[in-house]
Amino acid sequence: MVHPNTVAAPRGHRLAALLSLAALAFLANANAPAHAAYPDRPVTVVVAFPPGGIVDIIARRLAQRFSDRFKQNFIVDNKTGAAGSIGYAAAARAPADGYTLVLASGPTTMLASTEGPPPWNPMTAFSAIGMIGTIPQAVVTGNAMPARTLAEFVDYARARPGQVNYGSAGVGTTPFFTMELFKAQQKINLTHVPYRGQPEVMTDIMRGELGITSVTVPLALANVQAGKMKALAVTSGSRLPMLPAVPTVQELGMPELAISNWFALLAPAGLPADITATLAAALNEALAAPELKASLAEIGLLVESAPPAQTLGFVKADLARWTAMSKALATASPRAAGASN
13 MVHPNTVAAP RGHRLAALLS LAALAFLANA NAPAHAAYPD RPVTVVVAFP PGGIVDIIAR
73 RLAQRFSDRF KQNFIVDNKT GAAGSIGYAA AARAPADGYT LVLASGPTTM LASTEGPPPW
133 NPMTAFSAIG MIGTIPQAVV TGNAMPARTL AEFVDYARAR PGQVNYGSAG VGTTPFFTME
193 LFKAQQKINL THVPYRGQPE VMTDIMRGEL GITSVTVPLA LANVQAGKMK ALAVTSGSRL
253 PMLPAVPTVQ ELGMPELAIS NWFALLAPAG LPADITATLA AALNEALAAP ELKASLAEIG
313 LLVESAPPAQ TLGFVKADLA RWTAMSKALA TASPRAAGAS N
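Under our numbering, the first residue of the sequence shown carries the number 13, and numbering increases by one thereafter.
Careful, some of the hints might be misleading.
Distance condition first, Cα-Cα at most 25 Å in a straight line; then the derived DMTMM-like pairs of lysine to aspartate or glutamate [said to hold, decoys possible]:
id, residue 1, residue 2
1, K339, E268
2, K91, D109
3, K195, E268
4, K199, E221
5, K305, D68
6, K305, E268
7, K240, E316
8, K240, D216
9, K328, D80
10, K240, E221
11, K83, D330
12, K305, D109
13, K195, D216
14, K328, E316
15, K240, D286
16, K339, E192
17, K195, E316
18, K91, D330
It is worth saying that the hints were derived from the structure and are not from the lab.
All chains, full assembly: derive it from the sequences and hints.
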């Protein structure tokens with residue numbers, strides 16, 4: 013019943029008003045963030061190298077920070093093999109919904125740059141979330157090697173062409189490129205011996221079965237300090253506090269060997285902008301935390317955070333660098349059965 017003092021709206025007008033309200037409600041929902049609840053289930057962080065390596069350690073420490081931040085599990089999944097290609101390919105194939113991330117490192121672009129590239133391209137297969145930082149390498153040799161300096165090693169190798177070997181975790185990895193550049197620059201003939209992982213390389217260096225290699229400083233540090241192997245140079249821009257007596261490659265006149273391993277958080281290509289922003293903010297927050305910075309410094313990582321666009325630009329430049337180097341060295345596609353980094 014209509015009140016005597018009110019005028020009933022025509023039925024058509026009432027219907028139009030209801031439709032207008034429904035349209036406004038739809039538009040309001042459409043303009044709201046599509047992933048406001050992210051993450052509402054566990055997130056997988058792919059690591060393309062075995063447990064215990066530097067990439068794995070960084071991933072697990074970040075995953076714990078993210079789990080605490082989002083009150084949701086971030087689970088590290090080690091997908092190893094083919095010098096990292098298996099893990100990167102698996103991450104690239106995952107849905108771009110924020111529930112699969114990948115902790116990438118220098119070999120991401122190195123592997124993609126080699127002749128006969130893997131079935132993914134870091135510039136098209138992944139979205140960047142942010143840069144994490146870098147870790148320099150040490151050029152090391154065993155105590156059985158008579159050379160005490162890098163210059164002495166060059167003289168030793170030149171006198172024995174093809175008789176001195178070096179080890180790496182496979183074609184396309186950081187130690188492989190570092191040693192190949194070293195060979196080319198110094199015009200020495202070293203034989204490459206691929207291994208499943210860098211820890212095995214270190215074992216054979218100490219046994220005297222390998223002549224030389226490069227390895228991230230944290231993996232070499234304890235053995236160098238214990239006198240089980242010799243560090244001939246570091247690839248950092250300045251001498252390291254933990255190895256103050258070891259010269260940099262710049263000091264030795266080999267600036268092209270200043271190759272540090274970088275680390276970044278990526279996701280499958282097409283990650284929605286709001287999820288990218290959420291994860292980038294969480295990454296920056298984690299890297300700014302004094303406890304995490306100190307924890308990462310203990311493993312030799314220099315935190316160098318960067319936003320998604322800058323990270324993508326860095327990856328692009330790094331890919332161009334190693335693509336040119338791969339052509340110059342005429343490298344073959346990765347064949348290693350597995351690797352650690």
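Status of the hints after comparison with the structure:
| no. | hint | verdict |
| --- | --- | --- |
| 1 | K339 / E268 | 16 Å, holds |
| 2 | K91 / D109 | 20 Å, holds |
| 3 | K195 / E268 | 12 Å, holds |
| 4 | K199 / E221 | 22 Å, holds |
| 5 | K305 / D68 | 16 Å, holds |
| 6 | K305 / E268 | 28 Å, violated |
| 7 | K240 / E316 | 31 Å, violated |
| 8 | K240 / D216 | 12 Å, holds |
| 9 | K328 / D80 | 32 Å, violated |
| 10 | K240 / E221 | 14 Å, holds |
| 11 | K83 / D330 | 35 Å, violated |
| 12 | K305 / D109 | 28 Å, violated |
| 13 | K195 / D216 | 20 Å, holds |
| 14 | K328 / E316 | 17 Å, holds |
| 15 | K240 / D286 | 50 Å, violated |
| 16 | K339 / E192 | 12 Å, holds |
| 17 | K195 / E316 | 30 Å, violated |
| 18 | K91 / D330 | 23 Å, holds |
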